[in-house]
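Enquirer: With chain A's structure known, arrange chain B on it following the hints.
Note that the protein sequences, when read in sequence, are chains A and B. According to the working numbering, the first sequence is numbered sequentially starting from 1. According to the working numbering, the second sequence is numbered sequentially starting from 1.
Certain hints may be false.
[Stated by the list, open to error] Within a straight-line C-alpha distance of at most 20 Å, the following computed EDC-like cross-link-like pairs (lysine to aspartate or glutamate) qualify:
(1) A/K8 with B/D59
(2) B/K84 with B/D59
(3) A/K8 with B/D138
(4) A/K275 with A/E93
(5) B/K204 with B/D296
(6) A/K231 with A/D136
In case anyone wonders, no lab produced these hints; they're calculated from the structure.
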Amino acid sequence: MLVQAIIKRIFIGVVTLLVVSIIIFIGTSLLPGDVANIILGQMATPESLAALREHLGLDQPPHTRYLMWLGNLLSGDLGMSKAGTGVGTVGTEISVMIQPRLVNTLRLAGMVALISIPMAMGLGLLASMYPGSRIDRAITFTTLSIISVPDFLVAMILVMVLAVQLGWLPSIAYMSGNETGWQLIRALLMPTLTLVTIVSAQIIRMTRATILNIMSSPYIEMAILKGVPRKRIILRHSLLNTIGPIVNVIALNMAWLIGGVVIVETVFAYPGLAKLMIDGVQTRDLPLVQACAMIFCATYVILIMIADMASIISNPRLRHPK
Amino acid sequence: MPEEDNTVGTKTTFQELPDAPPRRKIRFTVTGKIGIFFVVFWILMVFIGPYLSPYNEADILDESLFIVPGGDEYPDTDYQPPSKVAYLGTDYLGRDTLSRILYGARTTIGISFAATLLAYLLGVTLGIAAAVGSEWLDMSLSRINDAFLSIPTIMMGLVVIAAVGSTIPILIVMTGFIYATSVFRVARSLGQDVMVSDFVEAAKVRGEGLWWIITREILPNVVMPLATDFGLRFVWIILFISALSFLGLGVQPPMSDWGSMVKENLGGLPYGSIAPLMPSLAIATLTISINLIVDDISAHTGGKLSNRMI
Numbered sequence: 001m002l003v004q005a006i007i008k009r010i011f012i013g014v015v016t017l018l019v020v021s022i023i024i025f026i027g028t029s030l031l032p033g034d035v036a037n038i039i040l041g042q043m044a045t046p047e048s049l050a051a052l053r054e055h056l057g058l059d060q061p062p063h064t065r066y067l068m069w070l071g072n073l074l075s076g077d078l079g080m081s082k083a084g085t086g087v088g089t090v091g092t093e094i095s096v097m098i099q100p101r102l103v104n105t106l107r108l109a110g111m112v113a114l115i116s117i118p119m120a121m122g123l124g125l126l127a128s129m130y131p132g133s134r135i136d137r138a139i140t141f142t143t144l145s146i147i148s149v150p151d152f153l154v155a156m157i158l159v160m161v162l163a164v165q166l167g168w169l170p171s172i173a174y175m176s177g178n179e180t181g182w183q184l185i186r187a188l189l190m191p192t193l194t195l196v197t198i199v200s201a202q203i204i205r206m207t208r209a210t211i212l213n214i215m216s217s218p219y220i221e222m223a224i225l226k227g228v229p230r231k232r233i234i235l236r237h238s239l240l241n242t243i244g245p246i247v248n249v250i251a252l253n254m255a256w257l258i259g260g261v262v263i264v265e266t267v268f269a270y271p272g273l274a275k276l277m278i279d280g281v282q283t284r285d286l287p288l289v290q291a292c293a294m295i296f297c298a299t300y301v302i303l304i305m306i307a308d309m310a311s312i313i314s315n316p317r318l319r320h321p322k
Numbered sequence: 001m002p003e004e005d006n007t008v009g010t011k012t013t014f015q016e017l018p019d020a021p022p023r024r025k026i027r028f029t030v031t032g033k034i035g036i037f038f039v040v041f042w043i044l045m046v047f048i049g050p051y052l053s054p055y056n057e058a059d060i061l062d063e064s065l066f067i068v069p070g071g072d073e074y075p076d077t078d079y080q081p082p083s084k085v086a087y088l089g090t091d092y093l094g095r096d097t098l099s100r101i102l103y104g105a106r107t108t109i110g111i112s113f114a115a116t117l118l119a120y121l122l123g124v125t126l127g128i129a130a131a132v133g134s135e136w137l138d139m140s141l142s143r144i145n146d147a148f149l150s151i152p153t154i155m156m157g158l159v160v161i162a163a164v165g166s167t168i169p170i171l172i173v174m175t176g177f178i179y180a181t182s183v184f185r186v187a188r189s190l191g192q193d194v195m196v197s198d199f200v201e202a203a204k205v206r207g208e209g210l211w212w213i214i215t216r217e218i219l220p221n222v223v224m225p226l227a228t229d230f231g232l233r234f235v236w237i238i239l240f241i242s243a244l245s246f247l248g249l250g251v252q253p254p255m256s257d258w259g260s261m262v263k264e265n266l267g268g269l270p271y272g273s274i275a276p277l278m279p280s281l282a283i284a285t286l287t288i289s290i291n292l293i294v295d296d297i298s299a300h301t302g303g304k305l306s307n308r309m310i
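So that you can see chain A by itself, here it is in the shape it has in the complex (with noise of 0.2 Å):
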């Protein structure tokens, strides 16, 4: 029956992700400007324009193009770039320029995820230990304000005290992409900050509601009423039934950090791929933003995928469904 109900929802996730291929080729079709054309620029004549699509593709139809695509894609080939993003870039492996980029995107993202999961984990049940006290009711206040404002305001306020009042940090990451060491870390220490600060506070908030909301269920009471102490009930009856909707949020973050950080990384000018996805849509790059969509939806389709998995296994009635 695991098995079973894990093939199910591996499948499901493969359906999800061949709609996600046609949703981004259709998309991205549609941004204006034809590629031919911003190539040759000044230089186009009907003539080369005509010949330049040929050698492109794009005389083909719409899905024989999308089937060229997937197979590509499928074969590990993201194609060349035909736009760039600088002079001379037009015909580089989309590989060679999403690589870099890459890097510095999981880097950022897997030192947030090591410093925030732990400590938002903790402070998510130390405030669902003590509901309505002082402690919790700080908690609660400050993760709510956190979540409601907007991401530039969190990484504003950093750098008005870090570096602007106490001048610890500078406010620009500016990553050349061969600093080692003790320089990495600087750069990367404001925008770890921002996130850390924004990735917390959701799963603070979803600890401490998940636990409580367990809380509330029967099998506690009757834990309570045996005279059970509130310490063991959450550590050894309700710890384990959070795991499912905690890792979902921990997922559904994760994703974010890959592909959502946009704002985070135009405020820091710090080069992740997110902001190369913005270069690709403003120069028409079509297969550069393929490219990254497909890596975002990717990454978030299979976290969303392996959370829920994990729930599976957790919870012997998800199962066995219905």
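Expert: This is chain B only, laid out in the frame that chain A set:
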């Protein structure tokens, strides 16, 4: 709460079934009351803000206003600190920050509210349809929805705006569509919960039609959780519109909108100017307040709202 009527002989009106638990009144906490105050304040500003503001949103203040008696130089008018001339200081062009925030309230809140309404109209209709419809309809709607949900909202906005440009109607429709996906999920799961309940079973056995079940059984039971969800969604849409404006893709100048005001004045941040901070505080007071109210309401209804917050 209905007053209890013990007088014999007068007409007795049952507002509830006799054995129903008494209706609890929502009691707002201090933070909830503060939230209500700010929300009411900003709603008022949407209507009367431009009439109260000392200058026009596009006015560049005259430098003669800033001349200090006795000083002999003409001062710069940009990034002025708060003074009697401009209560919240001036922005990077020397425009009055307070006036621009008051004008911007209408743009930011208006666009966000319209987009939230559209998202609800679409999301609830399709979500309820998926909940009551055939398994096939549910499956296909859900898969398409999952696919859209997996695309980062800001990226989707980016591509759409790059394709069709950024005007206010486009912003509203696009945001409405993007957020309809999450409303769909909430509406569908709420609808499904009600669909499997005994009273819907009873209605089906009675031979009620689908439309009757939707309007009489499902909608009344999902309206309260959806109302609180509306508040949360509205907050996210405000944040989304502001983020787009912050990237320069949302409301276009010279109209003032809180997000684009932050972007314009970001250059003043290293010099300690409050011009980028004030509009973000305007956003923060509104969004935090809405969330505080929603918190109080959901504590009252005791629903599992937290599960649906994502």
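Enquirer: Checking against the hints above, which ones are violated?
Expert: Numbers 1, 5, in rising order.
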